[in-house]
Every structure is written in structure tokens, then in C-alpha cells.
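Please model the entire structure based on the sequences and the hints provided.
Protein chains in written order, with my numbering: chain A, 103 to 361; chain B, 103 to 361.
Rather than coming from a laboratory, the hints here were simulated on the basis of the structure.
Idealized CB from N, CA, C, for every residue including glycine.
It is possible that some hints are incorrect.
Dumping the calculated BS3-like pairs for lysine-lysine here, alpha-carbon to alpha-carbon at most 30 Å [unchecked claim]: (1) B:K184 <-> B:K141; (2) A:K149 <-> A:K272; (3) B:K141 <-> A:K184; (4) B:K305 <-> A:K256; (5) B:K119 <-> A:K256.
Partial selection, computed: residues in chain A whose CB lies under 10 Å from chain B [what the hints assert, rightly or not]: (6) W137; (7) G147; (8) L201; (9) P202; (10) L206; (11) G263; (12) I335; (13) G339; (14) Q340; (15) V348.
2 protein chains.
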Amino acid sequence: MEKIESVQNARLKQWLKLENKKGRQQQQAYLLDGWHLVKEALRAGIKLKVLLLTADFRYTAEFTALTDPAIETIQISTAVAKHLSGTATPQGIFAIAELPSESLAIPTQVHGAWLLLDSVQDPGNIGTMVRTADAAGFSGVVFGQQTADLFQPKVVRAMQGSQFHIHLFKGDLTEWITKFKQQQITVWGTEVSPQAKNYRSIKPQSDLALIMGNEGNGINQQLLSLTDQNLYIPILGQAESLNVAVAAGILMFYLFQAD
Amino acid sequence: MEKIESVQNARLKQWLKLENKKGRQQQQAYLLDGWHLVKEALRAGIKLKVLLLTADFRYTAEFTALTDPAIETIQISTAVAKHLSGTATPQGIFAIAELPSESLAIPTQVHGAWLLLDSVQDPGNIGTMVRTADAAGFSGVVFGQQTADLFQPKVVRAMQGSQFHIHLFKGDLTEWITKFKQQQITVWGTEVSPQAKNYRSIKPQSDLALIMGNEGNGINQQLLSLTDQNLYIPILGQAESLNVAVAAGILMFYLFQAD
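In C-alpha cells, the structure reads:
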């Protein structure tokens, strides 16, 4: 097995560039850090370009069953692992995965529940919302054009592999809203306003689109005017607002009910 | 007004030590970064030891109305502000606040809804849960002895000032559970297990205690055996689990209903 022990190694330097959008675009790849993410990628049949393991990585039956021996596998030193990882104590397994195509066209038919993100900025919030949408049984997440890059390390860490389970699209939210309306799917905005409706007054549905907005400024006014109805979560205490990922979780688990 | 322009300033060096638990304990103080947190502290009547402002901080009527001229106020340079702040673009206002007493005794009477945290590790999750408990109208949050320090910068940022709105206790969760039981308040655990109950089958209550556990390992088995009932959130998609702060948000907003 090839070994990389120096943090000066040329290939390692290329992989470190995957931390930045430019590097990910040029190499059409992104980094998976830890067994959970690598496992989810393998289970989903995602093409891994390279697998990186430290000498003390423990091979399990599950690892052997899932891993194609044809994947290039490189042993790395602990120093190299620490260099690559965003965490203080890396698990000693990484993979370089192919970057999925970003600009998917709107499907002809959309159904089920969809989460639309308008200008959400914090990578942890974005990743957590993708994970929660997956857990809530949503069909997909659509990222408006101002939303932060989806394959940056902090988003990938927070998604916990959910990018392999549900459809992720990048696109113009106005066009997506038009599509949902054409198919008689209710579009819910979220807004702190007297015109908005308490989410608890809504009956759960099996087809819906829910829009969440920017941490500080909420959803763009023009998009809010296109929704069927805007919702709010009543605050019973003295907090001014909820974290956007928590609010999205409360709404997704409340609003969606599978057929 | 006194000015601090050098990052070598001796007082600044003391304040930088507030990033660590030892520094906070020795100085019995912690740092508030940004107008929102300073405002919440002032509104709550919290004693501020020092107020730090950059030259371009814009004095508003609200600032003037809330700020006691007797508070020591120091002008700091932009370089000093960047040094102090955990954010890339600090707002140019900080305060050094008194550290609240940590080990409060269990009140004689407890009522309302309470969140208990057992060994939660991530500071962002801890802070977000305090903020959400505040928003959901909970009476207090109890931190088990293994939970990370409450006044570290990342927790403070995520709490968004909710530490000034609801009661925060550090204590032995077993003793707290005993107290709730003595007062006939239902204690709900959270667990991924066939013995656990779907949270949606529970009727909302005006008095309750909800325990959330460690991100990887959940709640300690001994505590789980002391609850009245353990709950789970059904996962409809392929995600293995929910982020603990999102799960806490879903449960708090579902379970608690004010009288």
C-alpha cells in the first residue's frame, strides 16, 4: 500500500485545497472525514477516488464488505490525518469523493415534502437542516443561489451523510415555487409578522414546500409574497427568536405526514 | 475615556484569559461579544464590570437609555476588537460581565417545564438548547456534572442572551429527578429503543422534565431507568439520528403547553 507520511507530500497538498470552493471545483472532489461519512457514501454507491487510512484504523467486517478493493487506498501518518481533519481527534479514515453535479434541473414531477433554503449562511445550520430533512422523510432540499457552498467541510460534517439519502438541488427559488404551485403543492414561508399564521393551526400534509430564510434577515420579501401562506412559531419565553435549524426541525416534523 | 490600542495591553491580556475556564473562575467574569448580548445583560440588570467600544460604535438612543454612566467604559482599537472576538467581523462592543454562581441548590418548589442535559458535549448544541428552552417557555435548564462549561465563548454565542431569561443550574441529575418525582412532575427521557414511546402519543403538559443526552451515546443508562417514560422521535428517512439540539427543539415545543 502506498504511504504518505509527510505533510509536505504533493498529493496531500492537493487534498488540502478541497477545503476551499475553488479547489473542490478544480478537482471535482470533496473530502469525507470519518467512518460514518465514508460508510454512507459506500452504501449509496458513490464513487470514491481515494481512501486514506492511518495505520491504527481498525478494519471491521462491515468495512471489508462495503469497500471495493479496486479503490486506491493509501496509508497516512497520524500527522497527515490531523492536517487533513477539521476535528481535534480524527478517526483515521478519510475518502476523496466525486463532487456531485450542482445545477440540476427541476424534475418534471415533484411530490412529497421539500425544504427550500433562502440565503442561509451558517454552514452548521445548512448541514443540520439537510440532516433533519432526511430524518423527517423529506424528498429534497433546494438551495437558493445565495446559500453558502454545500460541500464545504462544516456543511459536510453537519449533514452526517444525508447528502447521499435525499435529493439536493441548487436553483432559482422563484422557479421552484412556480413549479410547486403548478402541481397544487402548498408553499409555506416562515416569517415573524402579524400576517403570519401559527404553525399549529395547520393540518399536516403529505405534499408541501417549506422555505427557511437567512439567520438575521429571514426570507427575501419577494419570495414571501409568492408563498401560499407564511407561518410563525409562537415564542412563549423571552428569547427573540429560534435558531433557524431548530425552527426548521420543529416545522418539518410538524407539517409533514407521509401518506 | 480610557483607550486601549495595543494588543500587548495588560488588561486586554487578562480579558483574553476569559476564553478559558480557569481564567473565568479566577476573574469571576466572562465576555459578552456584540450589542445583542450586552443589551440582554443590561435589560436583565446584570452587573457589567467593563464596557469596551470601538471608535466607530454607533451610540443609539437604546444604548444610552440602558447604559449606566457609572460603568467603566474603554475605547478599544479595531485590532484589539478583532483579538477579543471569536467572530471575523466583530460589532465593536463587548462587556465583561460577572460570572453567575454555578452551584445553585434545587429550589424547594419546582414547577413548569425543565430541560435536563446529561453529558452534552458540543458548545453550540448546549447554547442552542438553552435558547430554545427560553423560547419554548421553559422555567429552567439543569446541567449534569459532565456537561461542558456554560460560559465558554461558543456556548455564550449560541445562547443569544437566554442565560439572562431562564434559570440555569448545575447539579446532580439524579437528585433533580427525585425532586421532580416528589412533586408529581413527569420526567421524560429520550432513547432510541423499542421500549421507548413515540413522542406524538404523549399529551402536552404544563409541568414536565425532559432529559437530553450525549451526542454519541445518549443518556446514561442509570438515569434512563429513573424516568417515568422514555420517548423517541420516529425517523422517516434514512438519517441515523437527529442533531441533539434539533431533537430537543421538536420535543420541547411539542410536550410543553402553558396553563
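Here is what the structure says about each hint:
Among the hinted pairs, K184 (chain B) with K141 (chain B) is consistent with the structure: their alpha-carbon atoms are about 20 Å apart, no more than 30 Å. Under the criterion of a C-alpha separation no larger than 30 Å, the hint pairing K149 (chain A) with K272 (chain A) is consistent with the structure, at around 21 Å. The straight-line distance between the Cα atoms of K141 (chain B) and K184 (chain A) is roughly 40 Å, outside the 30 Å bound, and the hint therefore fails. In summary, the hint linking K305 (chain B) to K256 (chain A) is not supported, as the alpha carbons are separated by about 37 Å, beyond the 30 Å threshold.
A hinted pair counts as satisfied when its Cα atoms are at most 30 Å apart, and K119 (chain B) with K256 (chain A) qualifies at roughly 27 Å. The beta carbon of W137 (chain A) is not positioned within 10 Å of any beta carbon in chain B (closest approach about 12 Å), and the interface hint is therefore violated. A hinted interface residue such as G147 (chain A) counts as satisfied when its beta carbon comes closer than 10 Å to some beta carbon of chain B; here the least separation is about 13 Å, so the hint is violated. Interface hint status for L201 (chain A): violated, as the beta-carbon distance to the closest one in chain B is roughly 21 Å, over 10 Å.
Hint status for P202 (chain A): violated, given a least beta-carbon distance of 17 Å to chain B, over 10 Å. For L206 (chain A), the interface hint is violated, since its Cβ never comes within 10 Å of a Cβ in chain B; the closest pair sits about 19 Å apart. A least Cβ separation of about 8 Å between G263 (chain A) and chain B falls short of the 10 Å threshold, and the interface hint therefore holds. With a cut of 10 Å, the hint placing I335 (chain A) at the interface with chain B holds, because the nearest CB-to-CB distance is about 7 Å.
This hint holds: G339 (chain A) has a C-beta 4 Å from the nearest C-beta of chain B, less than the 10 Å allowed. Interface hint status for Q340 (chain A): upheld, as the beta-carbon distance to the closest one in chain B is roughly 4 Å, under 10 Å. Annotation: V348 (chain A) was flagged as interfacial toward chain B, and the flag holds, the nearest CB pair being 4 Å apart, inside 10 Å.
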